[in-house]
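For reference, the chains in residue letters:
2 protein chains.
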Amino acid sequence: MADEHPLQGVEALLFDVFGTVVDWRGSVTKEMGLLNPDLPNEDWDQFAGEWREGYYTRTAQIAQGTGGPTNVDVLHREILDSLLEETRWKHLAEKWNEEKRQEVTLVWHRLGGWPDTTKGLYELKKQAIIATLSNGNARLLVDMAKFADLPWDIVFSGDILGSYKPNPKMYLGAAERLSLPPEKCAMVAAHLRDLRAAASFGLKTIFVRRPTEETAETRSQAKDKKGGGEVDVVVDSFNELVEILNRR
Amino acid sequence: MADEHPLQGVEALLFDVFGTVVDWRGSVTKEMGLLNPDLPNEDWDQFAGEWREGYYTRTAQIAQGTGGPTNVDVLHREILDSLLEETRWKHLAEKWNEEKRQEVTLVWHRLGGWPDTTKGLYELKKQAIIATLSNGNARLLVDMAKFADLPWDIVFSGDILGSYKPNPKMYLGAAERLSLPPEKCAMVAAHLRDLRAAASFGLKTIFVRRPTEETAETRSQAKDKKGGGEVDVVVDSFNELVEILNRR
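Protein sequences, first through last, are from chains A and B.
Heads up: the first sequence runs through residues 14 to 261, numbered per my numbering.
Heads up: the second sequence runs through residues 14 to 261, numbered per my numbering.
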């Protein structure tokens with residue numbers, strides 16, 4: 014008897030966005046350079062990394078119930094302000110007024126996809142419902158989809174589902190609104206933490222190796238369950254996922 | 014000085030779906046015929062109208078706070094059951110078992126667009142954010158978008174915003190999630206009731222004349238504010254709306 018396909022019965026693919034669908038680090042670094050031609054010597058790659066780190070910390074706190082904004086624009090702005098107050102970046106504080114800080118915060122709306130992203134999503138959309146399941150806010154995800162040509166069937170965001178991953182409201186809320194049991198949904202992410210949470214609530218899991226996400230060791234060691242690993246499927250690109258789904 | 018364009022500043026178009034984007038009456042009539050070749054003499058057009066009437070009544074009650082399902086699949090099924098229990102359609106009750114009733118309920122997921130719908134939405138998507146603002150549930154709207162090729166940027170539904178139109182949670186909830194003040198959103202609908210509610214919460218209003226919605230008299234007498242009417246814009250098709258937006 015043939016083995017059951019690891020994504021048998023999956024009707025919806027729920028995508029983590031930052032890092033999985035779009036290259037946040039490369040995009041923020043590039044956009045910060047474009048926005049700040051007067052500051053040619055700043056290490057925007059480092060700046061992007063610290064900004065992102067603050068975001069991880071704050072969303073994790075809020076997901077655990079500490080309270081705080083579920084709109085990522087507001088959160089990105091708070092973290093930007095704290096970077097400018099307390100850290101090696103404080104020399105930028107006097108250069109950036111209110112208007113400039115708002116402008117800088119919106120770089121997170123202009124993130125570009127990985128090379129396989131747009132073509133892959135158009136193909137996947139023929140095979141399943143494709144949805145964001147992101148801590149980003151709805152407007153940010155809509156702007157990004159227009160900017161990077163991401164043809165989502167539906168957008169699930171922190172401010173639509175009222176929390177942040179890894180809170181169960183996110184994973185189970187998306188499944189419920191798609192009228193699907195969790196096992197008919199697969200989480201697609203470049204981060205094992207996200208996939209572990211998804212699996213704990215009954216979703217299938219698809220790990221995508223992305224060059225700037227997780228460590229090189231984690232990426233190379235990631236295995237599917239058949240190979241003794243913890244996720245249902247491991248891929249290097251969305252194109253590879255299209256092929257795997259075609260074999261169902 | 015030139016008059017201000019009636020849609021000046023509008024960044025998002027929020028679409029009523031049933032009747033405005035899709036021809037629910039024609040589609041349900043056709044799908045019911047296809048599903049029931051053994052019942053060639055039923056008046057499915059009449060059946061569709063009564064089913065829809067029950068939906069109007071129930072959603073209006075729930076929007077006022079009476080309690081009840083905010084998932085339209087559940088609601089459509091309840092109304093179907095009551096049609097089969099109490100009305101001229103009760104001869105169908107014994108013919109349709111549980112499985113058949115579920116199948117029949119899903120005809121509302123397979124509604125086709127008006128002739129101008131798909132092309133018009135693809136053009137409008139270049140000019141603004143295009144979103145549903147429908148009492149339909151999210152899954153129904155996603156299925157319908159795939160079936161009829163409706164390229165929504167984002168889906169707002171009864172089960173996402175937690176109520177039904179004309180409750181303010183719907184209009185203001187959509188604007189909030191798009192990070193827009195109400196006046197930068199325009200409601201697009203073939204129903205004046207919907208547009209009156211939208212206007213009362215500060216949204217701009219676009220009336221679309223559709224052959225089976227409102228009465229012939231209401232359609233022919235609808236005027237924009239410049240012409241002494243109550244809505245911001247009146248159009249016969251989405252293509253006409255594209256042209257009007259191009260003149261901004």
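Incorrect hints may appear among the rest.
[As the list claims (entries may be wrong)] Derived coverage of chain B by chain A (criterion: at least 3 residues anywhere in the stretch with Cβ under 8 Å from a Cβ of chain A; other residues may be distant):
#: 1; segment: 105-111
#: 2; segment: 187-196
[To be verified] List time: in silico DSS-like cross-link candidates among lysine-lysine, alpha-carbon distance up to 25 Å:
#: 3; chain 1: A; residue 1: LYS43; chain 2: A; residue 2: LYS139
#: 4; chain 1: A; residue 1: LYS159; chain 2: B; residue 2: LYS236
#: 5; chain 1: B; residue 1: LYS236; chain 2: A; residue 2: LYS132
#: 6; chain 1: A; residue 1: LYS139; chain 2: A; residue 2: LYS197
#: 7; chain 1: A; residue 1: LYS138; chain 2: B; residue 2: LYS113
#: 8; chain 1: B; residue 1: LYS108; chain 2: A; residue 2: LYS139
#: 9; chain 1: B; residue 1: LYS197; chain 2: A; residue 2: LYS139
[Unchecked claim] Restraint-style ranges between C-beta atoms, simulated for each label pair:
#: 10; chain 1: A; residue 1: SER95; chain 2: B; residue 2: LYS139; range: 36 to 42 Å
#: 11; chain 1: A; residue 1: GLN115; chain 2: B; residue 2: ASP58; range: 51 to 57 Å
#: 12; chain 1: B; residue 1: GLY62; chain 2: A; residue 2: PRO164; range: 32 to 38 Å
#: 13; chain 1: B; residue 1: GLU24; chain 2: A; residue 2: GLU99; range: 34 to 40 Å
#: 14; chain 1: A; residue 1: GLU112; chain 2: B; residue 2: GLN140; range: 22 to 28 Å
#: 15; chain 1: B; residue 1: GLN59; chain 2: A; residue 2: LYS138; range: 34 to 40 Å
#: 16; chain 1: A; residue 1: LYS236; chain 2: B; residue 2: LYS139; range: 40 to 46 Å
#: 17; chain 1: A; residue 1: HIS104; chain 2: B; residue 2: PHE160; range: 36 to 42 Å
#: 18; chain 1: B; residue 1: THR228; chain 2: A; residue 2: GLY22; range: 45 to 51 Å
#: 19; chain 1: B; residue 1: GLN140; chain 2: A; residue 2: SER95; range: 35 to 41 Å
#: 20; chain 1: B; residue 1: GLU256; chain 2: A; residue 2: GLU63; range: 44 to 50 Å
#: 21; chain 1: B; residue 1: ASP58; chain 2: A; residue 2: PRO164; range: 57 to 63 Å
It is worth saying that the hints were derived from the structure and are not from the lab.
Bear in mind that the values here come from a model prediction, so they are computed numbers and not experimental data.
Positions of the beta carbon are idealized from the N, C-alpha and C atoms, including for glycine.
Status of the hints after comparison with the structure:
{"no.": "1", "hint": "105-111", "in the structure": "violated (count 0)"}
{"no.": "2", "hint": "187-196", "in the structure": "holds (count 4)"}
{"no.": "3", "hint": "LYS43(A) with LYS139(A)", "in the structure": "violated, 32 Å"}
{"no.": "4", "hint": "LYS159(A) with LYS236(B)", "in the structure": "violated, 33 Å"}
{"no.": "5", "hint": "LYS236(B) with LYS132(A)", "in the structure": "violated, 44 Å"}
{"no.": "6", "hint": "LYS139(A) with LYS197(A)", "in the structure": "holds, 16 Å"}
{"no.": "7", "hint": "LYS138(A) with LYS113(B)", "in the structure": "violated, 28 Å"}
{"no.": "8", "hint": "LYS108(B) with LYS139(A)", "in the structure": "violated, 35 Å"}
{"no.": "9", "hint": "LYS197(B) with LYS139(A)", "in the structure": "violated, 33 Å"}
{"no.": "10", "hint": "SER95(A) with LYS139(B): 36 to 42 Å", "in the structure": "holds, 38 Å"}
{"no.": "11", "hint": "GLN115(A) with ASP58(B): 51 to 57 Å", "in the structure": "holds, 54 Å"}
{"no.": "12", "hint": "GLY62(B) with PRO164(A): 32 to 38 Å", "in the structure": "holds, 35 Å"}
{"no.": "13", "hint": "GLU24(B) with GLU99(A): 34 to 40 Å", "in the structure": "holds, 35 Å"}
{"no.": "14", "hint": "GLU112(A) with GLN140(B): 22 to 28 Å", "in the structure": "holds, 26 Å"}
{"no.": "15", "hint": "GLN59(B) with LYS138(A): 34 to 40 Å", "in the structure": "holds, 37 Å"}
{"no.": "16", "hint": "LYS236(A) with LYS139(B): 40 to 46 Å", "in the structure": "holds, 44 Å"}
{"no.": "17", "hint": "HIS104(A) with PHE160(B): 36 to 42 Å", "in the structure": "violated, 56 Å"}
{"no.": "18", "hint": "THR228(B) with GLY22(A): 45 to 51 Å", "in the structure": "holds, 47 Å"}
{"no.": "19", "hint": "GLN140(B) with SER95(A): 35 to 41 Å", "in the structure": "holds, 38 Å"}
{"no.": "20", "hint": "GLU256(B) with GLU63(A): 44 to 50 Å", "in the structure": "holds, 48 Å"}
{"no.": "21", "hint": "ASP58(B) with PRO164(A): 57 to 63 Å", "in the structure": "violated, 35 Å"}
Taken one by one, the earlier hints fail for this structure at numbers 1, 3, 4, 5, 7, 8, 9, 17 and 21, listed in ascending order.
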